[in-house]
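Asks: Protein chains in written order, with numbering that gives the first Met the number 0: chain A, 0 to 156; chain B, 0 to 156; chain C, 0 to 84; chain D, 0 to 84.
Among the clues, some could well be false.
Unchecked claim - Mimicking PhoX-like on lysine-lysine, the simulated pairs with C-alpha atoms at most 25 Å apart in a straight line are:
#1 B/82 <-> D/58
#2 C/58 <-> A/82
#3 A/122 <-> A/82
#4 B/122 <-> B/82
#5 C/58 <-> A/122
#6 D/38 <-> B/82
What the hints assert, rightly or not - Cβ-Cβ distance ranges computed for the label pairs, FRET-style:
#7 A/64 <-> D/65: 51 to 59 Å
#8 A/36 <-> D/66: 52 to 60 Å
#9 B/38 <-> A/20: 17 to 25 Å
#10 A/39 <-> B/56: 24 to 32 Å
#11 C/11 <-> A/11: 45 to 53 Å
#12 B/22 <-> A/143: 23 to 31 Å
Hints are computed from structural coordinates only; laboratory data are not their basis.
This structure is a prediction, so every number in the text was calculated from the model and none was measured.
Backbone N, C-alpha and C define an ideal beta-carbon position, used for all residues, glycine too.
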Amino acid sequence: MIRVQAEPFDLAEAFTLQAGRTDVGGLACFIGSVRDLTAGANVTALELQHYPGFTEQTIQRIHDEAAARFDILDQLIVHRYGKMFPGDPIVLVSTISTHREAAFDGARFVMDALKTGAPFWKKEVGPDGERWIEPRSEDYAASARWVDVMAAEGQDS
Amino acid sequence: MIRVQAEPFDLAEAFTLQAGRTDVGGLACFIGSVRDLTAGANVTALELQHYPGFTEQTIQRIHDEAAARFDILDQLIVHRYGKMFPGDPIVLVSTISTHREAAFDGARFVMDALKTGAPFWKKEVGPDGERWIEPRSEDYAASARWVDVMAAEGQDS
Amino acid sequence: MARLLFFGRLADIAGGAERDMPLSPAIGTLTQLREFLAKENSALGEALERPNIRAAINKALAPLRGDFPISDADEIAFMPPLSGG
Amino acid sequence: MARLLFFGRLADIAGGAERDMPLSPAIGTLTQLREFLAKENSALGEALERPNIRAAINKALAPLRGDFPISDADEIAFMPPLSGG
C-alpha cells in the first residue's frame with residue numbers, strides 16, 4: 000500500500016504488515032527524517048511540495064516495480080508533504096519477505112527510487128533564508144545502481 | 000546497545016534510537032521472525048539455545064565492528080533465546096545515520112553477521128519431530144560478501 | 000483554458016505555481032508553449048531549457064522538446080529535479 | 000574440575016549439555032580431551048572431528064586442533080555451526 004499525506008504518521012505502522020502472519024521471516028523498514036543540518040547548513044524547517052495525483056501515481060509505480068523485482072510478500076510506503084521540522088519523519092518504507100535478503104533489497108530499492116523519482120520538491124528554511132534542494136549525486140548513483148544490478152542479473156526487461 | 004533475552008521485545012523499541020534527536024536522516028531496522036514453514040517443512044515451534052556470556056560478548060563484537068565500519072550514529076540489537084512460535088519476533092536490529100546508505104549497510108551487516116556468527120543454536124519442532132538447523136549456504140555467502148566488500152574498498156585491516 | 004503548473008524553484012521564477020491560460024492556435028506543442036513563455040519571461044525560458052526539467056501533460060510524463068501536442072483543456076506541469084524520500 | 004559444555008546437536012550426541020569432569024594430567028590439550036571423549040563415545044568423537052565445530056575455552060574461541068592447553072579449572076565449550084538472527 001502507498002499513502003501520501005500531510006499528517007504525521009505513526010512509526011509503528013511499519014510493523015502492521017506482519018501482524019497476524021506466520022509466513023514472514025524478515026521485515027525491513029526505513030524511516031527518513033528531517034535533519035537540522037544538511038550540507039553544512041542549519042535547517043529550521045523543510046517544506047515538501049508535491050503534485051497531487053501525479054505523486055501518488057508515481058509512488059504506486061515504484062511500489063509495483065519493487066513488487067515485481069523482489070520476492071517480497073507485502074510493502075508499505077507512506078510519504079508526507081507540507082511543512083516539517085528537524086526530527087520529524089518524512090517517509091516510511093516497510094517490506095516483508097520470507098527471507099531477509101528480499102526484504103532489505105526491496106526497502107532499499109524503494110528508498111533509492113523515491114530519492115530521485117518521487118515527485119516532491121524540497122525547500123529548506125534556515126537562518127539565512129530559504130533554498131530549494133535537489134538530490135545529491137550519490138542519490139542519482141544509488142538509483143542508477145539498480146539498473147546496473149538488474150542488467151547484470153538479466154532481469155531487466 | 001545490545002540485549003539478549005528470553006522475554007518478547009517491543010517492536011517499537013526500534014525507533015527509540017532516534018527519539019528526541021534532530022541529526023538523524025535515516026533509521027533502518029530489521030525484524031526477524033519465526034516462520035511456520037522452512038525449507039518445505041512445517042514448524043510448530045523454534046527453540047533457540049544460547050551460551051550465556053559468550054553470546055552477549057560475540058554480539059557486542061558484531062555491534063562494535065558495525066560501528067567501526069559504517070558511519071552510523073547509534074544502533075540497537077535485541078536477540079531472543081528460548082522457545083518461540085511462528086510469528087514471534089526473534090531479533091531486532093536498528094541503526095541510525097545521517098544518510099540512508101550507512102543505516103541500511105549497518106543493519107544488513109549486523110544481520111548477516113548474526114546469521115553465521117552469533118552463538119545460537121536452533122531446533123525446529125514440527126509434526127515430524129525435532130531437528131537442529133544450521134545456516135543456509137546463502138547465509139555464509141552473505142557474511143563472506145562483507146569481507147569482499149571491505150577488501151575491495153581497502154578498509155579491511 | 001489550459002492549466003500550467005510550475006513546481007519547486009520554477010514557481011518562484013514563473014511568479015506563481017499555477018496559471019490558467021487560453022492556448023492560441025499558434026501554441027499547439029510543448030515547444031511552442033516554452034517559446035511563448037520565454038518571450039514573456041526570459042528567466043523562465045532559460046530555466047525551462049535546463050536538461051533536467053521534466054514536463055507532464057495531464058499527469059503523464061511528456062518530452063519537453065520536440066512537437067508533443069498540447070490542447071486548450073490540458074494540465075501542463077513543469078518540474079525541476081524530483082527529490083523525495 | 001573442568002566444565003564441558005556441548006551446544007546444539009552435540010548435546011544430543013554427548014548425552015547432555017553439561018558435564019563436570021576432572022582433567023587427568025594426561026589431558027592437557029584440547030586435542031587430548033577430544034581423543035579422550037572419542038574413546039568413551041565414538042559418535043561424539045566423530046562429531047567433534049567435523050571441520051565446522053568450534054571450541055571456546057573460558058568463553059574465548061580456541062583452535063580445536065593442535066595443542067591448545069586446557070586446565071582443570073576451565074570451561075570448555077564445543078559448538079556446532081552458529082545460527083543466529
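Asks: Taking the hints in turn, state whether each one holds.
Replies: We went through each hint and held it up to the structure:
Pair hint residue 82 of chain B plus residue 58 of chain D holds up; C-alpha atoms about 24 Å apart against a cutoff of 25 Å. A hinted pair counts as satisfied when its Cα atoms are at most 25 Å apart, and residue 58 of chain C with residue 82 of chain A qualifies at roughly 24 Å. Only pairs whose Cα atoms come within 25 Å are accepted, and residue 122 of chain A paired with residue 82 of chain A is accepted, the gap being roughly 9 Å. Restraint check for residue 122 of chain B and residue 82 of chain B: satisfied, since their Cα atoms lie roughly 9 Å apart, inside the 25 Å limit.
Distance check on the hinted pair: residue 58 of chain C and residue 122 of chain A sit about 22 Å apart at the alpha-carbon level, within 25 Å; holds. Only pairs whose Cα atoms come within 25 Å are accepted, and residue 38 of chain D paired with residue 82 of chain B is rejected, the gap being roughly 34 Å. At roughly 54 Å, the beta carbons of residue 64 of chain A and residue 65 of chain D sit within the given window of 51 to 59 Å. Taken as a hint, the range 52 to 60 Å holds for the pair residue 36 of chain A and residue 66 of chain D, whose Cβ atoms sit roughly 57 Å apart.
A C-beta distance of roughly 19 Å is found between residue 38 of chain B and residue 20 of chain A, which places it inside the suggested range of 17 to 25 Å. Against the hinted window of 24 to 32 Å, the Cβ-Cβ separation of residue 39 of chain A and residue 56 of chain B comes to about 39 Å, which falls outside the hint. At about 38 Å, the CB distance of residue 11 of chain C to residue 11 of chain A disagrees with the hint of 45 to 53 Å. Between residue 22 of chain B and residue 143 of chain A the C-beta distance comes to about 28 Å, which sits within the given range of 23 to 31 Å.
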